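*Asks:* Chain residues, written in single-letter form:
Protein chains: 2
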Amino acid sequence: MKRLKATYGCPVELALEFVGGKWKTVILARLKQAPQRYGDLRARIDGISDKVLTERLKDLERLDLIEKRSDGTALVYHLTGRGESLRPVLEALYRWGNVLVEDLPVTIRP
Amino acid sequence: MKRLKATYGCPVELALEFVGGKWKTVILARLKQAPQRYGDLRARIDGISDKVLTERLKDLERLDLIEKRSDGTALVYHLTGRGESLRPVLEALYRWGNVLVEDLPVTIRP
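So the protein lines, in turn, are chains H and G. Residue numbers 1 to 110, in UniProt numbering, belong to the letters of the first sequence in order. Residue numbers 1 to 110, in UniProt numbering, belong to the letters of the second sequence in order.
Since the hints were made in silico from the structure, they are not lab data. This one's a predicted model, so the numbers in the text were calculated from it and none came from an experiment. Warning: the hint list may mix true and false statements.
Because identical chains share one entry, a pair is satisfied inside a single copy or across any pair of copies.
[To be verified] Subject to a maximum C-alpha distance of 16 Å in a straight line, what follows is the list of computed EDC-like cross-link-like pairs (lysine to aspartate or glutamate):
1. 22 - 46
2. 22 - 67
3. 5 - 103
4. 68 - 102
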């Protein structure tokens with residue numbers, strides 16, 4: 001994962017260092033719905049490989065956006081406080097995607 | 001630019017096909033402030049090369065998020081209606097980046 005620069009031109013550019021790239025944001029959007037185990041995420045995110053999912057989860061932990069907790073039988077991924085603070089961004093992306101789909105020959109199948 | 005899939009697991013994943021990747025969103029955030037010429041964008045976006053800026057502008061035009069109009073002397077990039085509809089996402093990212101910077105050894109210098 002790239003080191004942060006000392007200076008950024010705008011807050012959006014800084015924010016995207018954390019949530020830029022498709023899979024990190026898709027994982028965060030899933031965890032926004034509910035804490036989930038690795039296997040749940042793997043089953044629910046279409047097209048992601050074990051390698052990429054494992055790497056992105058490590059990135060997100062390092063960025064203090066998610067954390068692992070044991071539920072007694074397995075490790076479960078949760079949004080951290082910083083992850084929770086992303087909720088408005090994730091919800092805005094969700095709403096935009098929902099409107100966008102009406103213009104496109106595409107379906108959304110959760 | 002990749003073709004769209006027929007099906008997506010969630011609206012966020014679809015949205016990120018359009019605005020995923022750092023530079024496209026940084027360009028949109030700049031154009032959210034005001035319509036700008038190529039040269040303005042090039043001067044104001046730190047660290048982007050001519051090649052990448054030219055490619056991302058073409059991507060954004062193809063996605064119907066921006067358009068070029070002549071102001072009589074030069075071509076000026078504007079957000080389209082679809083681009084304008086992204087404003088809530090860009091504003092949410094802006095607000096999040098502004099809070100995030102307080103936690104980090106980083107400065108924002110527009």
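*Asks:* As a check of your reading, is residue 68 near residue 102 (CA-CA no more than 16 Å) within one copy, between copies, both or neither?
*Replies:* Neither. Shortest intra-copy (37 Å) and inter-copy (25 Å) distances fail the 16 Å Cα cut-off.
*Asks:* How would you label the pair residue 5, residue 103 (within, between, both, or neither) given a Cα cut-off of 16 Å?
*Replies:* Between. Shortest inter-copy distance 14 Å satisfies the 16 Å Cα cut-off; intra-copy 38 Å does not.
*Asks:* One pair to classify: residue 22 and residue 46, alpha carbons no more than 16 Å apart. Within, between, both, or neither?
*Replies:* within (12 Å within a copy, 22 Å between copies)
*Asks:* Could you place residue 22 and residue 67 in one of the four classes (within, between, both, neither) given a Cα distance threshold of 16 Å?
*Replies:* neither (19 Å within a copy, 24 Å between copies)
Consistency note: the structure conflicts with the earlier hints numbered 2, 4.
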